[in-house]
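Start from chain A and add chain B according to the hints.
From first to last, the protein sequence lines stand for chains A and B.
Under our numbering, the residues of the first sequence are numbered 163 to 377, in order.
Under our numbering, the residues of the second sequence are numbered 163 to 377, in order.
By construction, these hints were calculated from the structure, which means they are not laboratory data.
All clues stand as given, with none of them false.
Identical chains blur together in the list; that is why a pair holds if it fits in one copy or across any two.
In silico SDA-like links for lysine to any residue, alpha-carbon gap of 20 Å or less:
id	residue 1	residue 2
1	K361	A327
2	K333	T310
3	K345	T310
4	K345	G317
5	K198	P221
6	K361	S236
7	K345	A355
8	K198	L212
9	K333	S343
10	K241	V366
11	K345	F316
12	K333	G317
13	K198	R210
14	K333	C314
15	K198	E239
16	K333	R320
2 protein chains.
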Amino acid sequence: MQVVMLLYPRMTQLDLTGPYEVLDRFEELNLHLVWKTLDPVPDVYGLRILPTDTLAGSPQADILFVPGGPGQISLMEDKDVLSFLRRQASGARYVTSVCTGSLVLAAAGLLTGYRATCHWLSLGQLAYFGAVPVSERVVTSGIDFALTLAACLFGEGRAKRAQLAMEYDPKPAFVGGTPASAKPELVASLREANAAFQKEREAVARRAAAALQIA
Amino acid sequence: MQVVMLLYPRMTQLDLTGPYEVLDRFEELNLHLVWKTLDPVPDVYGLRILPTDTLAGSPQADILFVPGGPGQISLMEDKDVLSFLRRQASGARYVTSVCTGSLVLAAAGLLTGYRATCHWLSLGQLAYFGAVPVSERVVTSGIDFALTLAACLFGEGRAKRAQLAMEYDPKPAFVGGTPASAKPELVASLREANAAFQKEREAVARRAAAALQIA
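Okay, chain A solo, but in the shape it has when bound:
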């Protein structure tokens, strides 16, 4: 099975590297990191990862995957990327994303009528595309997502084996990784700090939704 994972500038690399770590432990899966060129792709903080295939040279995905991150906003109006995703999705068995990657799938028209999720700051924007925003467990944690997917594909036994091989036993030092569990002041402060960027993201989402002729 071919797993096609989109790389892009200013992505959140952990959204991609987490699932990569899990999925590449399964021999049945061939992972491809795809972008427009084969040049190194910098994440939002500058970590540079090399693609394995271009969009044009990518195999047909059985599993299509889009990570999140601030760079997602340019993809939402990028005709080449959107048509690549539509083409790939039409032949894929699973169309997946982590964090704000779902907004890119939504902009490609792939989530219309589906339940979908997103980073808490941007969750509401999914509705512009006719998707049904839900806040569920396998949301922004790429590792949890990938183990769940692996269990769907290969059964719980093998997913558990990968989890033990990775010694994946997360125990965050602090409570408060979600807006529901964090202190309201902290949630408000992060909203405030991200307000300008979220305004831009919102505007792009509305334009992309209009382009889809849904909004």
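Then chain B, alone, in the frame of chain A:
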């Protein structure tokens, strides 16, 4: 503060990319990915990450970090890497690792007399170097480690803010990420599957310990 993170062929990339994601959110920290050359470094499954600095060109670390992975065994007898780590550690405030990265620090003589931890399959090997093996929480989870370190450096408030910004709220689909919580049959089966490689790792650890004149 300079954070010097060692890249190396056949590392477990998530050991590095997890902490990178957390630490690069703190403006006070400058992250450096260092290896012998500036060529792309492939992890154990082939994901290629670009270094930012060579060993020779690396700044002095305030925080020194070594990820784990199968490639660690060649580092344990690599004089250039071991002397780099010793030189860096002598000026660093924190000397850190995830997973089997600790065995490399041990081979450099940096853990002798200290409590240290490691991936469950290799934990016992730390004792060859005069380290005290402990199985503790911030062990193989690079993300949890980095949030704990960030709290030490910048206070709990800012660490919690980073955690919420990342929406880091892991909820593994399955129990059993440690040998204590997994079914004994699964633990035995993984030990069996890794026996040949663990034998090699063990032999290298014994040689490296002998070279340190401790064993």
